[in-house]
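Q: Protein chains in written order, with this note's numbering: chain B, 1 to 283; chain L, 1 to 365.
One or more of the hints may lead you astray.
Once the Cα atoms are required to be at most 30 Å apart in a straight line, the calculated DSSO-like pairs of lysine-lysine come out as [unchecked claim]:
hint, chain 1, residue 1, chain 2, residue 2
1, L, 10, L, 196
2, L, 140, B, 204
3, L, 24, L, 35
4, B, 204, L, 111
5, B, 204, L, 141
Calculated from the structure, these hints are not laboratory results.
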Amino acid sequence: MLNEKKIVSTGFLMALPNILLFLFFFLAPMLIIVGYAFTPSLTFDILSELSLENFKRILNEKYYISFIWSLILAFITTLILLFICYPVAYGLVNIFGRATNIITLLFIMPLFVTETVKIYGWSLFFLKGGILNGILDYFALPFPELMYSIPIIIIGLTYNFLPFMLFPLVLGIGLIPNELRLAARDLGATRTTVFFDIDLAIAKPGIIIGSLLTFVLALSSMSESRMLGGKKVIMIADDIEFAFGYQQNWPLGSALSIILAIVATIILLILFRWLDIKSFIKK
Amino acid sequence: MSVDNIIGIKPDFLVLRSITKSYKEKLVLSIDELKIGENEFFSIVGPSGSGKSTLLSILSGVEEPSSGQIFLRDKNITSIPAEKRPTAMVFQSLSLFPHMTIGQNIEYPLKVKGIQKSIRKNKAIELLNTLRLNDEFYEKKITECSGGERQRIAIARVLAYDPEVLFLDEPLSALDYRLRKTLEVELKDLHKRTKKTFIYVTHSLEEAMIMSDRIAIMRDGKIIQIDKPEDIYLKPADKFIDNFLGENNILPVKTNVQNGKLKIINKEKNINDEILSPKNNKLKEGYLIIRPECIEFKKLDKEINSSIEITLQNDYFLGSKICYVADYNGIQITIERPREEKFNFKVGDKIKVYWKPSDSHFVEN
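Chain L on its own, in the form it takes in the complex:
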């Protein structure tokens, strides 16, 4: 999916062309083209060693690429060092200056620019308020602040620099679950209010999905999918991404074309659906991915139903939902249904479950 499809975002704001990076002859990053739009909240997601940190270093200017170019508003910035780029980074460790007060931390980029003390203070207090911290924080020390407050201060400091692009390097990874959830929402809200380009690096696809306009998924130094969160969720490009999403049901299948439609053939023969998938016209092996909430216990009306027979093993109460775990020829199947649809069963019950063929998604091996 290209940037142009997202309304209100100017494409070609930040463009990477044929970027590679090698360390000691070893290629660690290779990107043909990447376009990030103005005001976009763009996330880069990948496990450690996927090249996401290298990509961030190149984007921010900490490192130069081995080959290729970077353009910001059509200006080639490839060899401009980090401090001369109109970009700023929120480091994973936050990198707050421990010997300065919070006010001094936030004012630092302004002080370096030689801006008058009184103007600096006003700006710092304004930024504190933007980040929902009261004026009292101005005089406080970093050691007096909680993790979430420090997080906000680090962002306020970067905003004081007034960059065109904000890089965020896993800024929430050190925080506990609840605080992370709060800050995810706050970050998204802040992005809306500041109208700046946010480039967010994380290993958590879940985190990226909550905040991002688009997500790039990286593996082995390459971007394997760039899409809106919804599309990544529903149509992951391969099994790898799917593992990343967690909790998905992955069935190994073979496909064949019959009457212009893709037919799943399995030794079980009870996955009897037709997949309306891209133009696959050969026998292929791959995986069928079905989200847990798409599987139902009842046959669906007026639909071509896909079904498999599973052996129920357990159920877990998840508040508004109930999670059922079952076995299908040694593969774990997870089903999530609303609480109202509670299904009573005995362990070991064999039942048929159904889903709409359009809810499943085929990926090639």
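If we strip away everything but chain B, and leave its shape as in the complex, we get:
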């Protein structure tokens, strides 16, 4: 057959542009970061000398505190978002009807504005003498001093990453035909049982993807903790930026990045094991 003479398959040729793109713009920078992580501190010649100095320093200095804070805040944010977004996503799929498009747009619109601008907006809102303070004063209500506290960081993270939880959930909940709920009810299941056996079980891929996105995004965030939290806590992304920028210590920043990437990957692998990702993509 003619095709047998071809050494390279058509499929491979079609995939080639993507492969090149991936190699140059994604894998190459990653490799550079890996290289720098094993380069002595405060030098710029990549792998001029193989060294574990950066990792030793991370272990000796209290970087683990930043890691823990990042993990805790990302975890809380993800959990809150799950509880907030699930009912909204359910509404978008099953209840809002014609209003769905407008409501969806309202949730997408904040994405058109940069994170920094949105955070400044929140600052003005929560600041002493700011919008919230003014409104509460008008009604003679006490003003809670939220600025530069941990709750405000969580509010900021929750707000910023809401769409990343909402839309995967919409996809997940969209996988459940209403007849399945009716059928389960008809077979004697209570509303609660149906929610756990049918809704949550079928929407699982959406729930996991949404959680994953928000968790990873929150894990590598820093603006919220810096601008709203006033560095009340230092998140790991802040440390990384500090190492690369202010300290001009690329090797240290690289080592921190690598550890963060590994932590995120481990979480990702655990979740993917739990979820049959293929079955989701096929649909």
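Following the hints, put chain L in place on chain B, whose structure we already have.
A: Here is chain L on its own, set in the frame of chain B:
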């Protein structure tokens, strides 16, 4: 026809009284009385928009009627929700749970009841066998099953709930013709074996006829005829039902009473039969319905013959039968005769055809 006439069926098992259902002031269902017997295979047939789905929703408890009552074994169940009724439904989409294995699907109603795993499994396998599926299916996924297998699994799952009444909402509509035919027979057989009440909703009268003890035909939110399949076939209550049966010959006629018998008068004058029909004593317009297999090419002996002259147009070979298509004053006439009686003709031949007056059926306009 009432339920009482069917031997072995307890009437008044499921009774509907003065049921109506309106959506936004619009009346979509109105039933004075409907009695379904215990162990009956009862079908509800109608085109889309006839109210058959609404009736099913009310029977199953998914919706409440706007007025009227439903009784199951003399107990008023009108406002009892679906999940608390001893009834279960096989949905049109089958509604199998895609994330569960077949075993888990069938066991689901038992699991909800809190029944032990080992007992559940035995019951599920027993049900698989009842539906002629082998034990291997227990571990399989829904995606590994064919349409017919899924159908059976959906029924097995409903049977696991052990309902007194099974509702089937067009469960065969998505299947291909041959499989549908097989499953029709299987369903009827299953009904006999399980001794449960089956209420089957379909738009296909043909499908209902194969399986049902009785059929209710619906149009515009009303039941227009309830009868045994045979009676619906031979004596459709009106032209609408007849269209549903397909292939019937429908002749517009006028009738008059002469000597206490009904006489068909037509401008053609060659439909010369006397119809022994209900007490019609006025001039009426209507339709004469004749099944294709009742029309013959030969004059019948010792019978009062009805006849018309038709122009033959074509013939089709149907295996054991031959179908002839002819024209009678612009009306298409279909005749089905056994293959042995093959009639040779040329297109355009004008011939007389005959039928027994008792084989034709008059319906009023």
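Q: Indicate, hint by hint, whether the structure satisfies it.
A: Now for the hints, and whether the structure bears them out:
1. For the given pair, residue 10/L sits about 12 Å from residue 196/L by alpha-carbon distance, which is consistent with the 30 Å threshold.
2. Taking the CA atoms of residue 140/L and residue 204/B, the gap is about 21 Å. The hint holds against a cut of 30 Å.
3. Taking the CA atoms of residue 24/L and residue 35/L, the gap is near 28 Å; set against the 30 Å cutoff, the hint holds.
4. Straight-line distance between C-alpha atoms of residue 204/B and residue 111/L comes to about 21 Å, which keeps the hinted pair within the 30 Å bound.
5. Straight-line distance between C-alpha atoms of residue 204/B and residue 141/L comes to about 18 Å, which keeps the hinted pair within the 30 Å bound.
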